[in-house]
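Line by line, the protein sequences give chains A and B. So in the numbering used here, spot 39 of the first sequence is number 37, and the numbers just go up one at a time. So in the numbering used here, spot 8 of the second sequence is number 6, and the numbers just go up one at a time.
Since the hints were derived computationally from the structure, they do not count as laboratory data. Where hints are given, some of them may not hold.
Heads up, the list lumps identical chains together, so a pair's fine if it works in one copy or across two of them.
[To be verified] Listed below are the simulated EDC-like cross-link pairs for lysine to aspartate or glutamate, each with C-alpha atoms no more than 20 Å apart in a straight line: (1) K6 x E59; (2) K6 x E49; (3) K6 x E18; (4) K6 x D55.
Bear in mind that the values here come from a model prediction, so they are computed numbers and not experimental data.
Below, each chain spelled out in residue letters.
Number of protein chains: 2
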Amino acid sequence: MEVRIELKPGVMDPEAESVEKSLALLGLTSVPHVTTARIYDLEFHGVSISEARQLADEAVERLLANPVIHRVTVRRGPT
Amino acid sequence: MEVRIELKPGVMDPEAESVEKSLALLGLTSVPHVTTARIYDLEFHGVSISEARQLADEAVERLLANPVIHRVTVRRGPT
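If we strip away everything but chain A, and leave its shape as in the complex, we get:
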């Protein structure tokens, strides 16, 4: 299962800002708007797809994400 953790809109993303600034300083001809995300790829063994999804949801809720600032997507993956 691939867990993708992004910041909610409006939450500061200092790493993304720093990337934008650095790309501008490097003289890139067009500087993009940057956003970041963290991927956790959880590879379960000996469990069904639906159990794996449930366990991934549990991992997100209890450990990986903070619902106040994070938007989370869980999908079968990685692609």
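Please arrange chain B on chain A, whose structure you already have, making use of the hints.
This is chain B only, laid out in the frame that chain A set:
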């Protein structure tokens, strides 16, 4: 353009190890093998797709990735 940066096989991933240990401590009924990746979503404006890809490749090479330890995929996205 979505830039996905993973660690090459054999490179230590302490964050992933820490997630595995924490999930075990939390008593998850099945503990997955965990790998992590970093996503940079680069949103270019006023450039063609092929220019955007070229600029993303340049950003990867000059700033975002270290070819010694990172495996990089660039694709149109996010999905």
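Hint check results:
no.	hint	verdict
1	K6 x E59	within (16 Å within a copy, 28 Å between copies)
2	K6 x E49	neither (27 Å within a copy, 29 Å between copies)
3	K6 x E18	within (19 Å within a copy, 25 Å between copies)
4	K6 x D55	within (18 Å within a copy, 27 Å between copies)
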